[in-house]
Amino acid sequence: MSWYHDYRPQTVSSLHHTKIREDVQRLFAEGRLSHAFLLTGPKGIGKTTTARLFAKAVNCEKNASISFFSTKNTDQKSAKKATSSAIQDPCGTCSSCVAIQRGTSLSVVEMDSASHRGIDDVRELKERAYMSPPDGRVSVFILDEVHMFTQEAFNAFLKLLEEPPAHTMFILATTEFMKVPATIVSRCTVLQFSQASSDEISTMLMQIATAQKITVEDGVISAIADVSEGSFRDAVKLFEQVSAGRESVSMQDIEAVGTVQTLSIANTLVSAILEKNLDSCLEVFRTSLVPKQYAIPFQRSVIDVLRKEMVDPACPAQKRRTLAELLRVIVVPMPIGLPDTSIPFEVSCIEWCMGSSEVFVQKKELVEEKITPEKKSIEKVPVEKTVERPVKPPVVEKEQNYPVTAEIQLRWKEIMKIIKASNSTLEGLLRSTKVDRVEDGTCFLASFYAFHKEQIETEKHRSLLEKTLCDLFQLDRFQVRVEIIEKMREKSVETSPTVEQNSDLVTSAEEIFV
Numbered sequence: 001m002s003w004y005h006d007y008r009p010q011t012v013s014s015l016h017h018t019k020i021r022e023d024v025q026r027l028f029a030e031g032r033l034s035h036a037f038l039l040t041g042p043k044g045i046g047k048t049t050t051a052r053l054f055a056k057a058v059n060c061e062k063n064a065s066i067s068f069f070s071t072k073n074t075d076q077k078s079a080k081k082a083t084s085s086a087i088q089d090p091c092g093t094c095s096s097c098v099a100i101q102r103g104t105s106l107s108v109v110e111m112d113s114a115s116h117r118g119i120d121d122v123r124e125l126k127e128r129a130y131m132s133p134p135d136g137r138v139s140v141f142i143l144d145e146v147h148m149f150t151q152e153a154f155n156a157f158l159k160l161l162e163e164p165p166a167h168t169m170f171i172l173a174t175t176e177f178m179k180v181p182a183t184i185v186s187r188c189t190v191l192q193f194s195q196a197s198s199d200e201i202s203t204m205l206m207q208i209a210t211a212q213k214i215t216v217e218d219g220v221i222s223a224i225a226d227v228s229e230g231s232f233r234d235a236v237k238l239f240e241q242v243s244a245g246r247e248s249v250s251m252q253d254i255e256a257v258g259t260v261q262t263l264s265i266a267n268t269l270v271s272a273i274l275e276k277n278l279d280s281c282l283e284v285f286r287t288s289l290v291p292k293q294y295a296i297p298f299q300r301s302v303i304d305v306l307r308k309e310m311v312d313p314a315c316p317a318q319k320r321r322t323l324a325e326l327l328r329v330i331v332v333p334m335p336i337g338l339p340d341t342s343i344p345f346e347v348s349c350i351e352w353c354m355g356s357s358e359v360f361v362q363k364k365e366l367v368e369e370k371i372t373p374e375k376k377s378i379e380k381v382p383v384e385k386t387v388e389r390p391v392k393p394p395v396v397e398k399e400q401n402y403p404v405t406a407e408i409q410l411r412w413k414e415i416m417k418i419i420k421a422s423n424s425t426l427e428g429l430l431r432s433t434k435v436d437r438v439e440d441g442t443c444f445l446a447s448f449y450a451f452h453k454e455q456i457e458t459e460k461h462r463s464l465l466e467k468t469l470c471d472l473f474q475l476d477r478f479q480v481r482v483e484i485i486e487k488m489r490e491k492s493v494e495t496s497p498t499v500e501q502n503s504d505l506v507t508s509a510e511e512i513f514v
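With this note's numbering, you'll find the sequence shown wraps up at 514, consecutive numbering, no jumps.
No lab work stands behind these hints: they were computed from the structure.
Simulated DEER-style distance windows between Cβ atoms:
{"hint": "1", "residue 1": "176", "residue 2": "441", "range": "31 to 37 Å"}
{"hint": "2", "residue 1": "441", "residue 2": "5", "range": "54 to 60 Å"}
{"hint": "3", "residue 1": "307", "residue 2": "181", "range": "29 to 35 Å"}
{"hint": "4", "residue 1": "192", "residue 2": "240", "range": "26 to 32 Å"}
{"hint": "5", "residue 1": "5", "residue 2": "176", "range": "21 to 27 Å"}
{"hint": "6", "residue 1": "210", "residue 2": "98", "range": "21 to 27 Å"}
{"hint": "7", "residue 1": "253", "residue 2": "441", "range": "53 to 59 Å"}
{"hint": "8", "residue 1": "103", "residue 2": "280", "range": "48 to 54 Å"}
{"hint": "9", "residue 1": "477", "residue 2": "86", "range": "56 to 62 Å"}
{"hint": "10", "residue 1": "431", "residue 2": "110", "range": "29 to 35 Å"}
Below, computed lysine-lysine pairings styled on PhoX-like, alpha-carbon distance capped at 25 Å:
{"hint": "11", "residue 1": "19", "residue 2": "179"}
{"hint": "12", "residue 1": "417", "residue 2": "460"}
{"hint": "13", "residue 1": "237", "residue 2": "43"}
{"hint": "14", "residue 1": "308", "residue 2": "319"}
{"hint": "15", "residue 1": "467", "residue 2": "417"}
{"hint": "16", "residue 1": "417", "residue 2": "179"}
{"hint": "17", "residue 1": "453", "residue 2": "434"}
{"hint": "18", "residue 1": "417", "residue 2": "434"}
{"hint": "19", "residue 1": "434", "residue 2": "308"}
{"hint": "20", "residue 1": "434", "residue 2": "179"}
{"hint": "21", "residue 1": "417", "residue 2": "453"}
{"hint": "22", "residue 1": "319", "residue 2": "413"}
No residue lacks a Cβ here, since even glycine has one placed at the ideal position from N, Cα and C.
Using the sequences and the accompanying hints, generate a full structural model.
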C-alpha cells in the first residue's frame with residue numbers, strides 16, 4: 001500500500017490538520033455528537049480520515065458506556081450524566097477499531113455518491129439505516145462527494161436526516177459545498193476543512209521520513225510542501241515518489257521532479273515580470289524548457305504566485321491594482337488548434353514587459369486630460385454661477401478609482417452570492433453572462449441571449465447590480481451594460497487594425513525564440 005494509507009492518522013490527536021483536530025477534540029469533550037456531519041473542503045486534506053475516526057470513536061469499547069446522541073426519551077438525570085462523560089480517542093486495538101481500520105466492519109458503510117446518486121440508492125440506504133448495526137453500537141454511513149446526488153435523491157435523503165434512527169450517524173463529505181442544498185446543510189454539523197499550511201505538511205512529512213529512516217537535505221520538505229497546494233495526500237505521494245529506492249533525498253533529487261521544477265521556474269519568471277525585466281523574462285523562456293505535460297501546471301503556478309501576492313493583506317493598494325492588471329493580461333484564452341499551448345502565455349508576458357509601463361502612462365494622461373479642463377472651467381466661472389459648483393465637483397471624479405476587469409472577474413462569485421440574497425431571478429440571469437471589460441466607469445457584460453440582455457438592463461435589475469458593485473468597491477457611481485456575443489464579434493472584426501499593429505510584437509517574439 002502507498003504511504004498515504006500506511007501513515008493515515010488513526011486517532012484524533014494524531015490528525016495533522018490543526019483546526020480540525022481542535023474542533024473534533026472539542027466535540028468529543030462535550031460528550032455529545034450530532035446524527036449528521038458535513039465535512040467540506042479541498043481534496044486530500046483528511047475528510048475521509050476524519051469520518052473514519054468518528055466511526056471508530058462511536059464504536060470503540062472505550063466509549064461503550066457513553067450515550068452519544070440526545071433522545072426525546074432521555075430523562076434529565078441520565079442526560080446530565082452522559083454529558084459529563086467525554087468521548088475518548090479510539091483505542092485502535094479493540095475488535096471494532098481493528099475491523100474499521102481494515103475496512104471489514106459491517107457497521108461502517110462508505111458510499112461513493114458520484115456513482116450511487118439516484119433515489120433508488122437512497123432508498124436502499126434508508127433500508128440499511130433502519131437495521132440494527134451488525135457488529136457495533138452505531139451504524140455509520142460515510143457518503144463521499146455527496147453534492148453529486150440528484151435533486152430527487154436529496155429530497156428522499158432529507159426525510160432520513162429529519163428523523164434519523166437512534167443508532168445511526170451520517171457523515172457527508174464534499175469538495176463543492178455550494179452544491180449541497182441548504183435544507184441538508186441546516187441539519188448537519190459542518191466541519192470546514194481549509195488547505196493545509198506548509199508547516200502542517202512539513203511536520204507530517206518529517207514524521208514519515210523518520211519512520212522510513214530517510215535522511216532529507218534542508219529545503220526538500222519545504223519544497224514538497226510548497227508544490228502540494230495544501231493537500232496532505234499530494235505531498236505524501238510526491239515524497240514517496242522522490243524517495244523510492246533512496247536512503248537520502250537531496251534538493252537535486254527533488255528538483256528533477258516536474259512539479260517542483262516548474263514551481264522554481266515560475267518563481268523566477270514572476271520576479272522578472274514584476275520587475276518588467278524583459279531580458280530576464282526571455283532568458284527564462286529560452287533556457288528553462290518546461291515539458292509540454294507541465295505547460296499548463298507551469299502557467300497555473302505563475303498565476304497562483306501572482307494571485308497569492310495580490311490577495312495578501314499586506315500588499316499595497318497600488319501594487320494590488322498592478323497585479324490585478326497583470327493577471328488580466330497574462331490570463332489569455334487558448335486558441336483552438338494551437339500546437340504549442342505556451343505561445344499565447346509567453347507573448348502576453350513579453351507584451352507586459354515591453355509595453356505595460358507605456359499603457360499605464362497613457363491611462364494616467366487620459367485621466368489628467370479629463371480632470372484638467374474641469375479645473376480650468378471652475379477658475380473661469382463667473383460669480384453668478386457659483387451655485388452650480390457643488391453639483392459636479394471635480395474632486396469627486398478624482399476619487400472614483402474604478403476597479404479593473406480582473407478585480408471584478410475574481411470577485412464575480414462573491415457578487416453573484418450577494419445578488420442572490422436580494423433577487424434570485426437576477427442571479428439566474430447573470431449565470432449566463434461573463435465580465436468582458438471595464439471602460440470609463442462602465443462594466444460591460446457579455447451574454448449569448450438577447451432576452452437575458454433585456455431583462456438584466458431593466459431598471460429594477462440594472463439598478464440592483466450597479467448598487468451592489470458600488471457598495472462592494474466603494475464607488476459613488478458605476479454603470480452596467482450588456483452586450484450580445486454576436487455584436488462583440490462584429491466589434492472585434494472592426495477593430496482588426498489594432499490586431500495588425502500588435503502583430504509586430506508577435507513577430508518580434510517569434511524572432512527572439514528562433
